[in-house]
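**Student:** Chains A and B supply the protein sequences, listed in that same order. Numbering (full-length UniProt numbering) for the first sequence: 1 to 531. Numbering (full-length UniProt numbering) for the second sequence: 1 to 531.
Wrong hints could be hidden among the right ones.
Identical copies go unnamed one by one, so any copy, or any two together, can satisfy a pair.
To be verified - Calculated pairs, BS3-like style, for lysine-lysine (alpha carbon to alpha carbon, straight line, at most 30 Å):
hint	residue 1	residue 2
1	K500	K134
2	K315	K390
3	K66	K400
4	K439	K345
5	K66	K429
6	K315	K425
7	K66	K490
8	K345	K506
9	K66	K368
10	K139	K390
11	K130	K368
12	K490	K315
13	K345	K425
14	K257	K517
15	K134	K429
Bear in mind the hints are in silico, worked out from the structure with no lab data behind them.
Number of protein chains: 2
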Amino acid sequence: MNAQLEQNLIQRLAVGDIIRRSALRAPGREALVEYRGDTRISYTYRELNQAVNKFTRALQGIGLRKGDRVAAVCLNSVEYIVAIFGLARGGYVMVPVNPGLNPADMGYILNHSEARALIVDDAFIPVLNKYLDKLPNIKNFFSLPVSGLAAVKPFISFPELLAGQSPEEVEDVIIGDRDILQIMYTSGTTAAPKGVMITNLSVYVAALHNIIFANINSRSIMSVVLPLFHCAQHSVLTSALLAGAGAVIMRGFEPGKYIAIWSREKINFMFALPVMYRALLDYPGIDEYDLSAFERCIYVMTPMDRRTLEDAGEKIGADKFVLATGQTEAYPSTNYFYPACYPGKEGNYWGVSNLTYETAVLDEQGNKLPRGRIGEIVWRGPGVMEGYYKDQEATEKSRKFGWHHSGDLGYFDEDGLLVFMDRKKDMIKTGGENVPSIKVERVLLNHPGIVSAAVVGLPHPHWVEAITAFVVAGEKGGGLAEGDVIAWCKQELGGFEVPKSVVFVKELPLTSTGKIKKHEIRSRYEHYYRE
Amino acid sequence: MNAQLEQNLIQRLAVGDIIRRSALRAPGREALVEYRGDTRISYTYRELNQAVNKFTRALQGIGLRKGDRVAAVCLNSVEYIVAIFGLARGGYVMVPVNPGLNPADMGYILNHSEARALIVDDAFIPVLNKYLDKLPNIKNFFSLPVSGLAAVKPFISFPELLAGQSPEEVEDVIIGDRDILQIMYTSGTTAAPKGVMITNLSVYVAALHNIIFANINSRSIMSVVLPLFHCAQHSVLTSALLAGAGAVIMRGFEPGKYIAIWSREKINFMFALPVMYRALLDYPGIDEYDLSAFERCIYVMTPMDRRTLEDAGEKIGADKFVLATGQTEAYPSTNYFYPACYPGKEGNYWGVSNLTYETAVLDEQGNKLPRGRIGEIVWRGPGVMEGYYKDQEATEKSRKFGWHHSGDLGYFDEDGLLVFMDRKKDMIKTGGENVPSIKVERVLLNHPGIVSAAVVGLPHPHWVEAITAFVVAGEKGGGLAEGDVIAWCKQELGGFEVPKSVVFVKELPLTSTGKIKKHEIRSRYEHYYRE
């Protein structure tokens with residue numbers, strides 16, 4: 001063995017070791033639980049570790065080698081988790097793909113990543129089978145038995161794949177901590193998806209600091225409802241399994257089903273979107289349950305509105321709630337915010353940095369901005385990606401002045417807490433002022449007659465960009481007129497923040513992950529003020 | 001900037017960033033407190049960060065460069081901590097030296113490390129001044145004002161060094177996570193001291209998992225009584241400062257003084273040797289204090305005897321106690337053990353691995369041994385040293401079969417918990433059996449007439465090695481005879497474990513750090529059974 005390989009082996013910090021390490025500490029503890037129909041599927045750490053070994057050995061047996069990309073088009077399941085850690089253990093590079101993507105994007109990712117193998121939920125076989133001839137690199141197809149459908153050729157089912165494999169430890173793969181663990185493609189709103197290369201070090205260290213900020217421990221029983229193909233849930237699940245916690249796997253969030261499983265499994269740790277907490281609190285009969293059994297509730301993506309926080313505070317406990325943030329390129333979480341510690345603070349607070357990240361706000365020249373000044377949010381830390389796969393230009397654009405650039409605008413408030421303003425490209429420059437599109441959108445969405453809204457800046461001879469609202473009216477907004485909307489905005493916004501025009505539309509253009517394609521609105525209405 | 005440097009800067013995990021990162025989270029929180037005479041010296045995180053910047057800038061101004069070794073012969077003080085993190089921030093390699101070493105060992109370390117600068121407590125200036133001509137590499141001398149002595153030439157005092165320096169962030173040093181942070185020399189009992197090269201990654205990651213196993217947090221107020229030139233206290237202090245905790249610095253442990261400061265500073269976190277906890281519990285009038293205010297008590301080096309644990313359990317709370325272990329070569333802590341979780345388990349338990357370490361027990365051929373079988377304790381993890389400085393041979397000997405070899409023997413018990421038996425070289429092979437010297441020593445030390453004891457195996461024609469006890473009798477052991485000692489041992493040990501001979505000595509040979517030089521006893525008495 002050469003010296004570098006030996007060093008890698010001895011000093012290893014590899015995500016594929018996490019399950020074994022937890023199994024060495026507490027082999028009999030329950031790691032995973034999933035309800036499938038009436039069946040309760042469960043894995044202790046020992047069983048999970050053995051399944052992971054079997055999975056890795058099966059792939060080795062087929063001839064896949066360290067560094068080979070393996071794509072996964074899967075919703076949450078225990079088998080998917082076996083695959084995630086089995087790929088990590090074998091040194092394969094996982095390429096998780098959102099099953100909701102359109103065929104063009106999915107095909108792009110599968111081909112761009114040069115995946116040699118593909119893992120899918122059995123339910124997706126019929127759709128994928130149509131496109132197999134467009135995926136020339138993929139030689140091996142595996143299916144997870146989540147819907148009980150038969151695995152038709154060329155797919156090999158998960159039980160068949162593992163049958164006869166030894167559960168003994170895989171000892172022959174040496175992984176360096178900067179070896180790539182996964183390539184996660186971000187859903188591009190303006191261009192082709194970009195493949196974010198994420199190392200073993202990034203994920204392992206993120207798991208450590210997540211354990212710390214959220215106080216995950218071996219008594220935690222965590223629900224997993226967000227999709228594992230996204231960085232946030234992947235990072236939090238990895239944290240839970242490193243801490244030796246239990247994880248209850250669900251394929252999505254439905255409040256009635258959630259509360260039934262919560263009650264049976266004594267779940268005490270929730271990780272979800274604010275809207276899911278809202279739905280849980282509004283669920284009929286929820287008052288019969290003692291939700292104070294929750295020890296920690298993490299929420300992500302957006303701030304929690306005051307009403308939900310107050311309700312949650314009453315029923316669950318305000319001090320249990322914490323917002324976490326991050327992005328695929330800066331492995332979550334980068335920052336966190338306990339709202340109960342700051343009762344006076346409203347808005348999109350991201351709070352303080354996690355223990356291995358450093359956050360700054362820079363101006364265009366790379367100078368650190370003092371408190372109160374808006375600039376681009378930038379990060380340093382071991383969770384920052386290695387780069388975009390096969391895209392040196394985009395990688396170079398993402399790093400300047402020795403920082404990873406988030407593409408987000410924000411500022412530190414008077415107490416040094418980070419506040420998110422808007423995506424940089426969505427900030428509107430109007431009459432010499434900067435107006436965050438999401439600030440105006442939030443006001444619009446508070447109107448009872450508006451169900452969705454997008455605010456963009458459109459080219460204008462006088463204003464440079466004119467704030468323009470695109471609004472979908474709901475049932476309560478039958479007779480809603482432009483003047484009503486503008487009057488509503490004037491009550492809540494400064495004069496320069498009020499839209500110059502309101503355009504009523506039937507629907508807004510969305511990406512397959514549900515983000516509004518603002519660039520599409522901007523380009524379609526480019527000449528709106530010049531016609 | 002080249003691509004690798006830029007990557008290092010953006011993905012940085014550098015110990016020199018820790019104070020700044022904590023200062024960004026909570027600038028006004030008190031980081032350090034020390035009582036010097038009647039004066040209470042304190043640093044908030046902001047102040048500490050500024051002092052660290054000044055220190056780094058001063059060294060840069062003198063012309064010291066990243067990678068230069070800087071030795072420190074210091075006991076604990078706030079200024080020493082400023083230096084520790086100032087060296088880290090500048091990318092200097094700290095070489096901490098035990099002030100208690102004899103001049104020969106100290107000179108060896110200062111020369112072998114090629115240190116270019118030296119930091120000492122002012123009290124040590126008179127002694128060191130005698131040897132300056134034997135330290136040709138050292139060009140810069142700094143003294144810390146801990147005793148109020150004047151800094152005579154060539155020493156520059158700490159306040160003079162920092163005067164006029166800017167507290168602005170040092171931005172121009174780029175540190176890779178595998179850059180060497182410090183070289184700590186282990187006190188060799190058989191050979192010259194060996195310089196353990198420890199990376200930034202090792203210490204930063206150890207701090208993260210220490211925070212987790214001991215639940216260090218920003219409300220912790222930790223006493224620092226063990227010397228910072230040892231890895232254990234350095235690692236735990238770094239953990240505390242990363243967690244944003246407060247640290248109360250002491251130059252040693254004296255129970256009366258400790259309890260006075262404890263009470264004034266509301267210390268709730270103790271890190272000490274078992275004998276210190278014993279002394280605290282035995283302190284006259286201790287029952288007037290509510291020791292249950294402690295939230296966590298870590299002990300190191302040796303197991304806590306049952307009586308102390310029971311007393312401590314009553315007065316402090318049994319569940320607060322945790323043993324931590326590790327070694328300079330495998331940055332502490334590698335393993336931990338909460339005795340209250342295992343009421344039936346006696347002996348030298350090291351427990352389970354920390355979250356970034358993996359522990360195994362190997363036979364001589366490198367096979368993993370099952371539970372119950374004794375072999376060498378080995379570790380993998382990012383805390384394992386880069387190697388011994390300028391000693392490739394010793395480095396290679398320390399790693400075999402892809403593991404770092406601890407030099408310790410032990411086994412996993414029936415529950416998978418690690419038990420330490422003895423240093424490998426101190427295990428006695430007698431009549432086909434292996435007997436840990438420390439097992440016999442523990443029995444001897446329980447005898448009221450014995451104050452210290454060393455047990456070694458000496459060459460013997462029949463037994464191969466004959467267990468031989470070297471005993472220092474105390475006042476109560478005035479008339480103690482060999483037969484008494486052997487009879488005592490027979491009550492507690494198996495027949496093959498009982499010493500064949502007992503040698504009464506006035507004192508045992510000790511290293512400057514207080515370890516018994518067993519090799520010296522062995523070589524002096526080599527022919528004992530052949531004379």
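**Student:** Hints first: check each against the structure and report whether it holds.
**Tutor:** For each hint, the structure was consulted:
1. K500 with K134: Close neither inside one copy (47 Å) nor across copies (80 Å); limit 30 Å.
2. K315 with K390: Neither. Shortest intra-copy (49 Å) and inter-copy (62 Å) distances fail the 30 Å Cα cut-off.
3. K66 with K400: between (32 Å within a copy, 23 Å between copies)
4. K439 with K345: within (16 Å within a copy, 60 Å between copies)
5. K66 with K429: neither (49 Å within a copy, 44 Å between copies)
6. K315 with K425: Close neither inside one copy (39 Å) nor across copies (61 Å); limit 30 Å.
7. K66 with K490: Answer is neither; intra-copy 59 Å and inter-copy 58 Å both fail.
8. K345 with K506: Neither: 35 Å inside a copy, 70 Å across copies.
9. K66 with K368: For K66 and K368, only the inter-copy Cα distance (24 Å) is at most 30 Å; the intra-copy one is 41 Å.
10. K139 with K390: within (22 Å within a copy, 49 Å between copies)
11. K130 with K368: Cα proximity of K130 and K368: none, with 52 Å in one copy and 49 Å across.
12. K490 with K315: Neither. Shortest intra-copy (35 Å) and inter-copy (64 Å) distances fail the 30 Å Cα cut-off.
13. K345 with K425: within (26 Å within a copy, 62 Å between copies)
14. K257 with K517: neither (32 Å within a copy, 67 Å between copies)
15. K134 with K429: neither (43 Å within a copy, 68 Å between copies)
Against the hints set out earlier in the document, violations occur for numbers 1, 2, 5, 6, 7, 8, 11, 12, 14 and 15.
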